[in-house]
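Engineer: Each chain, written out:
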Amino acid sequence: MMRGVNALRAGLALALSVALTAPAGAEDAKRVVTLGGSVTEIAVALGAGDLLVARDSTSNYPAAIAALPDVGYIRALSPEGVLSVAPDLILAEADAGPPAAVDVLTAAGVPFLRMPGDPTPAGVVDKIKAVAEALGRDAEGEALATNVQAGLTEAEARAAAVTDKKRVLFVLSLQGGRVMAGGEGSSAEGIIALAGGINAATGFQGYKQMTDEAVLAAAPDLILIMDREGDLAIGNADVMAHPTLSQTPAAQAGAIVRMDGMMLLGFGPRTPDAARALYDALYPQAG
Amino acid sequence: MLSLALGRSRSTGGEREARAALMLRALIGLLLVVSVLSLGTGAAGLNLADLAHAAIKGELSTRDQVILWNIRLPRLAMGLLIGAALAVSGALMQGLFRNPLADPGIVGVGAGAGLGAVLAIVVGGLLPAGIAVHFGGQLVPLAAFLGGWGATLLLYRLATRGGHTSVANMLLAGIALGALAGAFTGILVYLADDKQLRDLTFWSMGSLAGAGWGKLATALPLILPVLLFSPLMARGLNALALGEAQAAHLGIEVERLKQLIILGVAAATGAAVAVAGGIGFIGIVVPHLLRISTGPNHRYLLPNAALLGASLLVGADMIARTIVAPAELPIGIVTAVLGAPVFLWILMRRQGLVGI
Numbered sequence: 000m001m002r003g004v005n006a007l008r009a010g011l012a013l014a015l016s017v018a019l020t021a022p023a024g025a026e027d028a029k030r031v032v033t034l035g036g037s038v039t040e041i042a043v044a045l046g047a048g049d050l051l052v053a054r055d056s057t058s059n060y061p062a063a064i065a066a067l068p069d070v071g072y073i074r075a076l077s078p079e080g081v082l083s084v085a086p087d088l089i090l091a092e093a094d095a096g097p098p099a100a101v102d103v104l105t106a107a108g109v110p111f112l113r114m115p116g117d118p119t120p121a122g123v124v125d126k127i128k129a130v131a132e133a134l135g136r137d138a139e140g141e142a143l144a145t146n147v148q149a150g151l152t153e154a155e156a157r158a159a160a161v162t163d164k165k166r167v168l169f170v171l172s173l174q175g176g177r178v179m180a181g182g183e184g185s186s187a188e189g190i191i192a193l194a195g196g197i198n199a200a201t202g203f204q205g206y207k208q209m210t211d212e213a214v215l216a217a218a219p220d221l222i223l224i225m226d227r228e229g230d231l232a233i234g235n236a237d238v239m240a241h242p243t244l245s246q247t248p249a250a251q252a253g254a255i256v257r258m259d260g261m262m263l264l265g266f267g268p269r270t271p272d273a274a275r276a277l278y279d280a281l282y283p284q285a286g
Numbered sequence: 000m001l002s003l004a005l006g007r008s009r010s011t012g013g014e015r016e017a018r019a020a021l022m023l024r025a026l027i028g029l030l031l032v033v034s035v036l037s038l039g040t041g042a043a044g045l046n047l048a049d050l051a052h053a054a055i056k057g058e059l060s061t062r063d064q065v066i067l068w069n070i071r072l073p074r075l076a077m078g079l080l081i082g083a084a085l086a087v088s089g090a091l092m093q094g095l096f097r098n099p100l101a102d103p104g105i106v107g108v109g110a111g112a113g114l115g116a117v118l119a120i121v122v123g124g125l126l127p128a129g130i131a132v133h134f135g136g137q138l139v140p141l142a143a144f145l146g147g148w149g150a151t152l153l154l155y156r157l158a159t160r161g162g163h164t165s166v167a168n169m170l171l172a173g174i175a176l177g178a179l180a181g182a183f184t185g186i187l188v189y190l191a192d193d194k195q196l197r198d199l200t201f202w203s204m205g206s207l208a209g210a211g212w213g214k215l216a217t218a219l220p221l222i223l224p225v226l227l228f229s230p231l232m233a234r235g236l237n238a239l240a241l242g243e244a245q246a247a248h249l250g251i252e253v254e255r256l257k258q259l260i261i262l263g264v265a266a267a268t269g270a271a272v273a274v275a276g277g278i279g280f281i282g283i284v285v286p287h288l289l290r291i292s293t294g295p296n297h298r299y300l301l302p303n304a305a306l307l308g309a310s311l312l313v314g315a316d317m318i319a320r321t322i323v324a325p326a327e328l329p330i331g332i333v334t335a336v337l338g339a340p341v342f343l344w345i346l347m348r349r350q351g352l353v354g355i
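Protein chains in written order, with numbering that gives the first Met the number 0: chain A, 0 to 286; chain B, 0 to 355.
By construction, these hints were calculated from the structure, which means they are not laboratory data.
One should not assume that every hint holds.
[What the hints assert, rightly or not] If we take Cβ atoms under 10 angstroms as the criterion, some of the chain A residues that face chain B in the derived model are:
no.: 1; residue: D55
no.: 2; residue: E79
no.: 3; residue: V81
no.: 4; residue: P98
no.: 5; residue: A106
no.: 6; residue: P110
no.: 7; residue: Q208
no.: 8; residue: Y278
[To be verified] Each computed DSBU-like pair below joins lysine-lysine, with the alpha-carbon atoms no more than 35 angstroms apart:
no.: 9; chain 1: A; residue 1: K164; chain 2: B; residue 2: K56
no.: 10; chain 1: A; residue 1: K165; chain 2: B; residue 2: K56
no.: 11; chain 1: B; residue 1: K194; chain 2: A; residue 2: K207
no.: 12; chain 1: A; residue 1: K128; chain 2: A; residue 2: K164
no.: 13; chain 1: A; residue 1: K207; chain 2: A; residue 2: K164
no.: 14; chain 1: A; residue 1: K165; chain 2: A; residue 2: K128
no.: 15; chain 1: A; residue 1: K165; chain 2: A; residue 2: K207
no.: 16; chain 1: B; residue 1: K56; chain 2: A; residue 2: K207
no.: 17; chain 1: B; residue 1: K56; chain 2: A; residue 2: K29
no.: 18; chain 1: A; residue 1: K207; chain 2: A; residue 2: K128
no.: 19; chain 1: A; residue 1: K29; chain 2: A; residue 2: K164
no.: 20; chain 1: B; residue 1: K56; chain 2: A; residue 2: K128
These numbers come from a predicted model, not from an experiment.
Each residue gets a CB set at the ideal place from its N, CA and C atoms; glycine is no exception.
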């Protein structure tokens with residue numbers, strides 16, 4: 000009983016302080032634009048999906064979000080385009096821009112909030128909390144953050160328990176037979192580590208082309224590919240037909256895994272699931 | 000080598016002059032119409048009727064005020080300024096080099112500005128935080144302008160011996176310098192990460208989306224003087240069409256003319272590329288359309304090019320910002336997709352007139 004009263008009192012105090020200090024419209028936003036795949040995903044996961052009126056071109060999950068108007072690429076926004084959907088709150092990933100467009104949006108009186116969050120496990124939790132606060136859904140945010148944190152902790156524990164780590168090569172594209180792989184410090188390396196694997200592509204930063212000899216020397220036990228359509232899609236046949244990729248232990252054992260790009264590399268609420276799926280593919284016997 | 004001015008003409012000089020004068024008036028009309036339309040066109044649906052209504056009743060919501068004053072007006076002004084700058088620069092270059100294929104790219108502005116922009120996008124992140132914050136969004140435009148300007152000065156130095164600037168040397172050195180700048184750009188592109196690559200792509204396709212009063216204030220002092228003083232070059236360019244020696248005999252200070260035009264073009268296109276990225280096509284096509292229809296007299300060609308270039312770019316921007324609304328297309332795509340077929344059609348119809 001005492002606890003309930005305290006909670007009520009705290010809630011009232013919070014509501015009051017919010018009413019006094021929060022930017023106008025942020026707490027009772029009815030028309031929200033989310034910019035950035037992970038921010039959109041988090042907003043939907045918090046149950047705010049029906050408040051969204053537009054998204055950017057990097058937001059493609061959940062699938063229903065594709066029906067919303069697309070305001071373009073997150074770093075090349077058109078201010079009038081964003082204003083045309085009459086938003087009363089804009090939630091953006093840290094790198095939304097260009098700055099001139101953001102200035103105009105702010106001048107138009109639309110709260111423009113940048114969400115923190117590095118593409119790391121800790122960043123995911125920060126971002127969830129920030130989005131929840133901006134949408135006035137702290138309780139849901141807390142629940143989701145706890146849930147995701149638990150999943151991440153579990154994944155880290157699982158990864159730490161692996162004694163004989165397998166080598167994973169993330170292939171971003173295979174255009175013209177050239178292997179574009181995720182190197183050191185890439186988000187691909189982050190998720191591979193979280194799944195208990197070792198990034199087979201070393202010696203370069205970010206996403207770069209690897210020479211054929213380096214691919215052979217990397218000797219991956221598993222090849223990881225983004226699941227996508229169109230020109231950049233990579234089929235198993237492409238891997239098997241590739242002169243060097245087909246010679247790797249991964250291709251010989253048929254260990255090719257495909258996963259949605261945003262889920263795999265987005266560092267959002269689905270990151271624990273991605274880590275789990277990749278772990279299961281790497282170590283099926285551990286189950 | 001090439002004779003633009005002496006192209007086989009079907010009409011007499013007098014007729015052409017009258018037509019060119021008429022064209023000037025028609026283009027002023029076109030510019031006004033396009034400008035008004037542009038103010039009433041956009042994703043947010045604030046149209047001309049709304050604006051007229053607001054003008055009479057004298058009230059406009061905050062959102063609509065921002066759309067009009069902070070988005071559409073600076074964007075219109077920027078489109079006019081940059082369209083005119085690109086077209087006039089093209090006309091000046093073609094006149095100076097007596098080559099219908101010349102554009103500001105030939106004096107290294109494009110390659111230099113591109114290298115500058117890529118450098119700022121890729122390496123800018125490595126600058127000490129204080130510097131990066133201080134420049135903010137201005138780093139890329141500044142680097143692009145310095146790159147374009149620097150490349151032109153270097154080229155001018157390379158092609159000048161004993162007070163004489165060799166146009167042929169400038170063309171050839173420009174190609175070499177362009178290849179070199181392209182190679183350095185390639186190295187930086189290789190080093191770039193995914194986000195930087197996307198930024199580079201968008202930059203290279205040009206856009207007026209970032210237009211604001213601040214950018215306009217940066218570009219205006221560099222572009223406006225060139226536009227205003229370009230008609231003074233007309234007599235010299237007309238004489239130059241006969242050849243350098245002939246122009247000198249006609250009392251033209253040829254070296255001075257070259258110097259003024261090259262520096263002017265570097266300033267105007269450098270500023271244009273810096274604030275709007277790479278917008279191709281206008282500089283080549285606008286002067287051609289005018290030369291084909293009203294002849295090569297620079298007295299009319301230069302002001303007409305300014306007017307037509309401005310109208311075309313503003314028109315293209317209207318399409319760029321509405322066709323995929325609420326997103327927008329890079330304007331370089333629109334100018335090329337719309338302009339190239341029209342240009343080809345005109346070339347086919349009037350084959351031979353350019354006299355290449």
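Engineer: Using 10 angstroms as the Cβ threshold, decide whether Q208 of chain A counts as touching chain B.
Structural biologist: holds, 9 angstroms
Engineer: Is the Cα-Cα distance between K207 of chain A and K128 of chain A 35 angstroms or less?
Structural biologist: holds, 33 angstroms
Engineer: Within 35 angstroms, alpha carbon to alpha carbon, are K194 of chain B and K207 of chain A?
Structural biologist: Judged against 35 angstroms, a Cα distance of about 13 angstroms means the pair holds.
Engineer: Sort out whether K56 of chain B lies within 35 angstroms of K164 of chain A, counting only the CA atoms.
Structural biologist: The given pair, whose Cα atoms are some 73 angstroms apart, is violated under the 35 angstroms limit.
Engineer: Within a Cα-Cα threshold of 35 angstroms, do K165 of chain A and K56 of chain B meet the stated pairing?
Structural biologist: violated, 72 angstroms
Engineer: Hint D55 of chain A vs chain B: min CB-CB distance below 10 angstroms?
Structural biologist: Hint on D55 of chain A: holds, closest Cβ of chain B at ~8 angstroms, below 10 angstroms.
Engineer: For the restraint on E79 of chain A, tell me whether the closest CB of chain B is nearer than 10 angstroms.
Structural biologist: The hint holds - E79 of chain A has a Cβ within 10 angstroms of chain B, the shortest such distance being about 5 angstroms.
Engineer: Minimum Cβ distance from P98 of chain A to chain B below 10 angstroms?
Structural biologist: Interface hint status for P98 of chain A: holds (4 angstroms vs cutoff 10 angstroms).
Engineer: Is the interface hint satisfied for Y278 of chain A? The criterion is a beta-carbon contact with chain B at less than 10 angstroms.
Structural biologist: Hint violated; Y278 of chain A Cβ to chain B Cβ min 25 angstroms, cut 10 angstroms.
Engineer: How about V81 of chain A: closest beta carbon in chain B under 10 angstroms, or not?
Structural biologist: holds, 6 angstroms
Engineer: Would you check the hint for K56 of chain B and K207 of chain A, treating anything up to 35 angstroms between C-alpha atoms as holding?
Structural biologist: Not satisfied, since the Cα-Cα distance of roughly 59 angstroms exceeds 35 angstroms.
Engineer: Decide if the proposed pair is consistent with the structure: K29 of chain A and K164 of chain A, CA atoms, cutoff 35 angstroms inclusive.
Structural biologist: violated, 48 angstroms
Of the numbered hints listed earlier, those contradicted by the structure are 6, 8, 9, 10, 16, 19 and 20.
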